[in-house]
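In the order they appear, the protein sequences are chains A, B, C and D. Residues in the first sequence are numbered from 7 upward in steps of one, following the working numbering. Residues in the second sequence are numbered from 7 upward in steps of one, following the working numbering. Residues in the third sequence are numbered from 505 upward in steps of one, following the working numbering. Residues in the fourth sequence are numbered from 505 upward in steps of one, following the working numbering.
Hint data in this document are derived by calculation from the structure and do not stem from the laboratory. Where a beta carbon is used, it is the ideal one built from N, C-alpha and C, also for glycine. Careful: at least some of the hints might be erroneous.
Stated by the list, open to error - Now the stretches of chain B that chain D is said to cover, found in silico as 3 or more residues with beta-carbon under 8 Å: (1) 78-84; (2) 87-100.
Claimed, not checked - Derived Cβ-Cβ restraints for the label pairs, each shown as a range: (3) Arg325(A) with Tyr811(C): 53 to 59 Å; (4) Gly60(A) with Gly642(C): 54 to 60 Å; (5) Val196(A) with Gly735(D): 41 to 47 Å; (6) Ala235(A) with Glu641(D): 55 to 61 Å; (7) Ala10(B) with Ile258(A): 53 to 59 Å; (8) Ala539(C) with Ala235(A): 36 to 42 Å; (9) Asp336(A) with Pro31(B): 50 to 56 Å; (10) Ser213(A) with Ala539(C): 49 to 55 Å; (11) Val196(A) with Tyr811(C): 45 to 51 Å; (12) Gly293(A) with Asp317(B): 33 to 39 Å; (13) Ser213(A) with Tyr811(C): 45 to 51 Å.
As the list claims (entries may be wrong) - No farther apart than 30 Å at their CA atoms in a straight line, the calculated lysine-lysine pairs in the DSS-like style are these: (14) Lys53(B) with Lys762(D); (15) Lys32(B) with Lys672(C); (16) Lys237(B) with Lys263(B); (17) Lys32(A) with Lys43(A); (18) Lys263(A) with Lys296(B); (19) Lys765(D) with Lys672(C); (20) Lys11(A) with Lys205(A); (21) Lys11(B) with Lys205(B); (22) Lys296(A) with Lys294(B); (23) Lys296(B) with Lys335(B); (24) Lys205(B) with Lys296(B); (25) Lys205(B) with Lys296(A); (26) Lys672(C) with Lys762(D); (27) Lys296(B) with Lys294(A); (28) Lys296(B) with Lys237(B); (29) Lys672(D) with Lys53(A); (30) Lys263(B) with Lys205(B); (31) Lys205(B) with Lys32(B); (32) Lys762(C) with Lys535(C); (33) Lys313(A) with Lys535(C); (34) Lys43(B) with Lys672(C); (35) Lys765(C) with Lys58(A); (36) Lys237(A) with Lys335(A); (37) Lys672(D) with Lys32(A); (38) Lys53(A) with Lys762(C); (39) Lys541(D) with Lys765(D); (40) Lys205(A) with Lys313(A).
In case you want the letters, here they are:
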Amino acid sequence: MNDAKPITMIEALNRALHDAMADDPKILVLGEEVGDKEEGGITGVTKGLSTKFGTTRVKSTPISEQAIIGAAIGASLKGFRPVAEIMLMNFVTVAMDMIVNHAAKLRFMSGGQTHVPMVIRTMTGTGFGSGGQHCDYLESWFAHTAGLKVVAPSNPADGYGLLRSAIEDDDPVIFIENLPTYWTPGPAPVPGSRVPLGKAAIARQGSDLTIVAYSRSVLEALGAAQIVAEKGISVEVVDLRTISPWDRETVIASATKTGRVLLVHEAVRKHGIGAEIAADLNEVLFGKLKAPIRRLGAPFAPVPFSKPLEDAFAPNAARIADAIVSLMKD
Amino acid sequence: MNDAKPITMIEALNRALHDAMADDPKILVLGEEVGDKEEGGITGVTKGLSTKFGTTRVKSTPISEQAIIGAAIGASLKGFRPVAEIMLMNFVTVAMDMIVNHAAKLRFMSGGQTHVPMVIRTMTGTGFGSGGQHCDYLESWFAHTAGLKVVAPSNPADGYGLLRSAIEDDDPVIFIENLPTYWTPGPAPVPGSRVPLGKAAIARQGSDLTIVAYSRSVLEALGAAQIVAEKGISVEVVDLRTISPWDRETVIASATKTGRVLLVHEAVRKHGIGAEIAADLNEVLFGKLKAPIRRLGAPFAPVPFSKPLEDAFAPNAARIADAIVSLMKD
Amino acid sequence: MTNFPKPDAATLMEIYRRAVLIKLNDERVIKEMMAGKLVTPYYSPRGQEIIPSALSVSLRDEDTICTIYRGTHDMLAKGFPLDLLWAELAGRATGSCKGKGGTMHLTHPESGCMVTTGVVGSSMPIANGLAWAAQIEGNGNIAIANFGDGAANIGAFHESLNMAGVWKLPVIFICQNNRYAEHTTLADSTAVERLSTRAAGYGMAGITVNGNDPDEMYGAALIAIERARAGEGPTLIEAMTYRFNGHLMGDAGGYMDKAEKAEAVANDPVPALRARLIAEGITSDTELTALESDIGLQISAAVEAAYAAPYPDLAELTRDVYATAA
Amino acid sequence: MTNFPKPDAATLMEIYRRAVLIKLNDERVIKEMMAGKLVTPYYSPRGQEIIPSALSVSLRDEDTICTIYRGTHDMLAKGFPLDLLWAELAGRATGSCKGKGGTMHLTHPESGCMVTTGVVGSSMPIANGLAWAAQIEGNGNIAIANFGDGAANIGAFHESLNMAGVWKLPVIFICQNNRYAEHTTLADSTAVERLSTRAAGYGMAGITVNGNDPDEMYGAALIAIERARAGEGPTLIEAMTYRFNGHLMGDAGGYMDKAEKAEAVANDPVPALRARLIAEGITSDTELTALESDIGLQISAAVEAAYAAPYPDLAELTRDVYATAA
Ligand SMILES: Cc1ncc(C[n+]2csc(CCOP(=O)(O)OP(=O)(O)O)c2C)c(N)n1
Ligand SMILES: Cc1ncc(C[n+]2csc(CCOP(=O)(O)OP(=O)(O)O)c2C)c(N)n1
Ligand SMILES: [Mg+2]
Ligand SMILES: [Mg+2]
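Kindly generate the complete structure, drawing on both the sequences and the hints.
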């Protein structure tokens, strides 16, 4: 066991990068402001890296997301393992060609001659009044893209272990971080530990209803489970951790056990990750569920600026709790 | 009724553009090769426009998709109705910021002060050996984006009527054309006719099973319906026509009637359009269906080059027929 | 730049009025934020006031601008109403965007403030479209795209300038070179010394001027504006300036060169213009003090009105997504 | 260009060998397509043979290239094996990419052909990464990005050249200016006359050369290659050439200026070099005829082997999507 004192997600990710770079000289880091001269990224996730590993391996870049991802792809074709940062998830929109037409497909299109073992770290999350262009959740796009893996940790220990695994993975991984929970402390990871990609975790055990969530929504789901526990509802919370490929085995087992499923994410509900999981579960568990599978996500709208609207946008513990109660009545 | 002789999709779209530009001087056309000097687009959809309406309203552009969409957005903010062409759907990947962060959101972010009444025409489709970067089906990305509408006609008459409606719509519309069926003839549209956005069509009536499809898959579904009719299975084919917002009323009515639903599209199955529709229908029709809702789409892979692989990639009439037979046994 | 058109006394006064409005407004925003009364990501334009002020005095009301998150200076200079601005910053229903857009998406078409973007580079492609609309209508109006030095390295810059060049669009690209892109210096983001060099690559006029000098900025802008109105094509103006504060409120700018910053602040262009107006006998300290206190009162009124206004109704969450609700 | 390094006789011979290989291969592809035996979108490089031939004679095997759909010339010059190429064009399991990539995604890392893209502009960002890898390893290798004149107007060009400039990457950007981007002329897509002008905007060396002239192309390429190997940074070479055929097979090129095309074809660079080799006494018609017929036989062998090979197994549909099957 690990009894180090709690750390934040920022610290966990920073440690993962330090440890990975120390272990393997092929690991590179690039992105806007990632160097120490620029303070190691706008929140310090890459702090200390360029000082320790040099500015050839840790490169701050111009504001050129296509060039960032392109450079990472090219280096990875030569056996490097670049960790590229796209500062905020909305800015992947200028680099989708590099990510989707190239990083995701080169292995297939080359008939397996080349591959792209890179990680794209990016960040998003409502709550800071950043408005419509800084808080989108675009994981569905990537999950719909063959060749990519998509990971989204909910706590520091998973952040560390998943990032280490993502870096070692031989395929391109989209690694989604959540800004508002960057500073939420959690148990420290065991140095050198790994969390395997594609494996969910049971964040809370329960028997009446299964919540499937990822990233920040896991924390909100746990809050909701706490709330409804007082009403005698026992909720199991499955933390997907990897969104693509998602852990069907664990999710199906939990859904089979409870017979009720609520999918929760911050992305807009329509065509969100929940749609695929619900559609799949409905096929597998047809006739075996106690109630329809429900999905909770953001409304079909851009992220609003005004605080009360922003607060009402993504599912939070209270709204999840309401959905649980209503689903128990279904 | 309209007893003009059959025309192709190319001809139908060309007529729609001609008629629209003649009716409304605010309508503009831009994109790579769209001018007559450049032969009116690589397949001639924009033929004759620049000669008739001048090169100020019909502009061939540099290969600069961000600038193309940006120019269309800017002009539409001033009351024009630009029809921008992105030659192939895969190339939207270089313009996603303009489409998603801007065109889709400006109405909301400006609190309704501005809006973007533009159409983005684009094209895709396997079958010509174009390989991994020229045939993707990315409609899910756009359907997941609030503020956009997504349209995909399956036949020339709908192509005409939907394009006229899309141009007149006050919101940005992604208009998806299918290359392999560009030359498939169909009944000619009534000049000036409109097909409303958001309304599906019953392409074939049936009682045993409902297929929901769009674009080319409708034609394949009709072929499949014909095949299984000989086995005594009566299939209803719903042509969505508009993917977002999709016509829940029509689909739910058909699904309720038949009790069996098969969703078909050429896009990869995982996280495809079918996921949202299946998840939604399962909520609404919980306990009322005779069998699980099945989804047919492309495998989770890039589009392959080699002919036998490419032929096996997207659902065709034979594979749809198999799926129907198997679903009838569920 | 010796044969640049020069602003006359009245124009200089008007440039000062706009610049001091921007400066006072910025100081008030920061004060409100420090007091915890206003909570928003805020990108201060302090130090860059002269650029839009010396530009906008030659613009028509019908001319349009696209600007960026760091854009209150551009918008106030163009005539964005203070009350709508403050209510928007405060996320109120009475804001220009009903509180739904916020600091990074301030919009006010009546004053020509068409788009504020939070995405680096994205003001430029849209400004082309505004210019194209003016070109089609033949009304002689022009469009302005504002952006930073860092934005000059993103793809949208290139595509936009090239398209504007080949279409001879009535658009002006104002690169406000404040020496930093977030924490990154210009030298770390490009090997070229003057960003205006790039104009030649698009067959376009390009110039680097001291954006903090009202004469230079006014002259360069006027020439570009007249060129655009005459249908002679676009211009790239690199306006050299300095970002007095960190990238956004809360960023102390520890990475910024201390001496360089001290020098820039010592040469604060707004008080410099004030002193010049008095020195040249164009106006008096008394008159300017009255002007400033009047502006201060207008700002206060806007602030108070904003705070007194209601937040938007929760139903606004799904309004304005489409023309008609789903 | 008078002080350019010049190719010696042996080098000129080698340039011709590569150029004629490309030309004969192209002619064979077209013949097979006309006969209906090969069905694929095909983008003929006829007319552009000298560019990669005069470049690649100065490259190492370990140097890498990224090219585009119109790229068989670049790849054959770099050493892409004929048999793997033909089997891939024919979609066979024995193709370099197992038939899964096809014409637009030909890949062969052993010969340094790392990426072929079907997306305009996208060869450039990736070439930077290949160059970055070489820079880190300090092995003196370099990377080449091939692209067309039309691609010079897309965002990826700008971002890539700027990054290469500021990072001093060992990369060379070869803009093969064949006067057309699909149906569009250069003049309709940009207001600049020489695309190499843009290099200055990135603090990078840039030059326009006659890409069809082996001396000029060889000299310019060698200088750029030595610069890159020495760690002195990237170069943009605009190599003027002409696209003899339509954009892709089936495009008759009706929009192309007839006289211009006739002139270009009359100056076909491959026979021109052939004639020169004989005129300068470097070789004889007999020797060259033998060389050409030998190449012809190699091509024939590759074609026959390709046709004889099996198509990929249907299970390949979902292989190579990830390292391990899902
Ligand atoms: C495409 C994109 N990438 C990254 C960012 C994050 N970002 C916001 S502002 C900024 C720096 C921009 O610098 P500059 O263009 O010089 O403008 P300034 O902020 O100095 O006014 C960055 C990198 C963004 N908003 N958009
Ligand atoms: C981003 C993108 N936009 C459009 C296309 C369609 N397209 C394919 S080739 C081409 C013309 C490219 O011209 P150029 O760069 O001059 O290269 P060339 O074909 O002449 O060798 C276009 C527009 C594309 N492949 N990618
Ligand atoms: Mg700046
Ligand atoms: Mg070309």
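Right, here's what the structure says about each hint:
Look at the stretch 78-84 of chain B against chain D: 0 of its residues bring a Cβ nearer than 8 Å to a Cβ of that chain, fewer than three, so the hint is violated. Counting residues of the stretch 87-100 of chain B whose beta-carbon sits less than 8 Å from any beta-carbon of chain D gives 4, enough to reach three: the coverage restraint holds. Here the CB-CB span from Arg325(A) to Tyr811(C) is close to 28 Å, at odds with the stated 53 to 59 Å. For Gly60(A) paired with Gly642(C), a C-beta distance near 58 Å keeps the hint of 54 to 60 Å intact.
Range check, Val196(A) to Gly735(D): about 42 Å between beta-carbon atoms, so the 41 to 47 Å window is met. Separation of Ala235(A) from Glu641(D) is about 57 Å and conforms to the stated range, judged on CB atoms against 55 to 61 Å. A hinted range of 53 to 59 Å holds for the C-beta pair Ala10(B) and Ile258(A), which are about 54 Å apart. The hint said 36 to 42 Å for the Cβ distance between Ala539(C) and Ala235(A), and at roughly 41 Å that hint holds.
Restraint check, Asp336(A) to Pro31(B): a C-beta distance of roughly 54 Å satisfies the suggested window 50 to 56 Å. Look at Ser213(A) against Ala539(C): about 51 Å separates their beta carbons, and that is inside 49 to 55 Å. Separation of Val196(A) from Tyr811(C) is about 50 Å and conforms to the stated range, judged on CB atoms against 45 to 51 Å. For the pair Gly293(A) and Asp317(B), the supplied restraint of 33 to 39 Å holds, since their beta-carbon distance comes to about 35 Å.
Distance hint check for Ser213(A) and Tyr811(C): the Cβ-Cβ separation is about 50 Å, which falls inside the suggested range of 45 to 51 Å. This hinted pair checks out: Lys53(B) and Lys762(D) have alpha carbons roughly 21 Å apart, not beyond 30 Å. The straight-line distance between the Cα atoms of Lys32(B) and Lys672(C) is roughly 20 Å, inside the 30 Å bound, and the hint therefore holds. Distance check on the hinted pair: Lys237(B) and Lys263(B) sit about 20 Å apart at the alpha-carbon level, within 30 Å; holds.
Restraint check: the Cα-Cα separation between Lys32(A) and Lys43(A) comes to about 22 Å, which is no more than 30 Å; the hinted pair holds. The straight-line distance between the Cα atoms of Lys263(A) and Lys296(B) is roughly 23 Å, inside the 30 Å bound, and the hint therefore holds. Pair hint Lys765(D) plus Lys672(C) holds up; C-alpha atoms about 29 Å apart against a cutoff of 30 Å. At roughly 26 Å between alpha-carbon atoms, Lys11(A) and Lys205(A) fall within 30 Å of each other, so this suggested pair holds.
Of the pairs offered as hints, the one joining Lys11(B) and Lys205(B) holds, with about 26 Å between alpha carbons and a cut-off of 30 Å not exceeded. A C-alpha spacing of about 13 Å is found between Lys296(A) and Lys294(B), which places the hinted pair at or below 30 Å, so the restraint holds. At roughly 10 Å between alpha-carbon atoms, Lys296(B) and Lys335(B) fall within 30 Å of each other, so this suggested pair holds. Between Lys205(B) and Lys296(B), the direct Cα distance comes to roughly 26 Å. Compliance with the 30 Å bound is thereby established for this hinted pair.
Under the criterion of a C-alpha separation no larger than 30 Å, the hint pairing Lys205(B) with Lys296(A) is inconsistent with the structure, at around 33 Å. Proximity of Lys672(C) to Lys762(D) is assessed by CA-CA distance (about 28 Å); at most 30 Å being required, the pair is judged to hold. With a C-alpha separation of about 13 Å, the suggested pair Lys296(B) and Lys294(A) falls inside the 30 Å cut-off, and the hint holds. This hinted pair checks out: Lys296(B) and Lys237(B) have alpha carbons roughly 19 Å apart, not beyond 30 Å.
Among the hinted pairs, Lys672(D) with Lys53(A) is consistent with the structure: their alpha-carbon atoms are about 24 Å apart, no more than 30 Å. Of the supplied pair hints, the one linking Lys263(B) and Lys205(B) holds, its CA atoms being roughly 18 Å apart against a limit of 30 Å. With a C-alpha separation of about 26 Å, the suggested pairing of Lys205(B) with Lys32(B) holds against the 30 Å cut-off. For the suggested pair Lys762(C) and Lys535(C), the alpha carbons sit about 23 Å apart, so the restraint of at most 30 Å is met.
Only pairs whose Cα atoms come within 30 Å are accepted, and Lys313(A) paired with Lys535(C) is accepted, the gap being roughly 20 Å. For the given pair, Lys43(B) sits about 19 Å from Lys672(C) by alpha-carbon distance, which is consistent with the 30 Å threshold. Among the hinted pairs, Lys765(C) with Lys58(A) is consistent with the structure: their alpha-carbon atoms are about 29 Å apart, no more than 30 Å. A distance of roughly 13 Å separates the Cα atoms of Lys237(A) and Lys335(A); the hinted pair therefore holds under the 30 Å criterion.
This hinted pair checks out: Lys672(D) and Lys32(A) have alpha carbons roughly 20 Å apart, not beyond 30 Å. The suggested pairing of Lys53(A) with Lys762(C) holds, with an alpha-carbon distance near 21 Å, which does not exceed 30 Å. Distance restraint check for Lys541(D) and Lys765(D): the Cα-Cα separation of roughly 28 Å lies within the 30 Å cut-off, and the hinted pair is therefore satisfied. Simply put, Lys205(A) and Lys313(A) have alpha-carbon atoms about 36 Å apart, too far for the 30 Å limit, and the pair is violated.
In the structure shown, a violation is registered for the earlier hints numbered 1, 3, 25 and 40, in ascending order.
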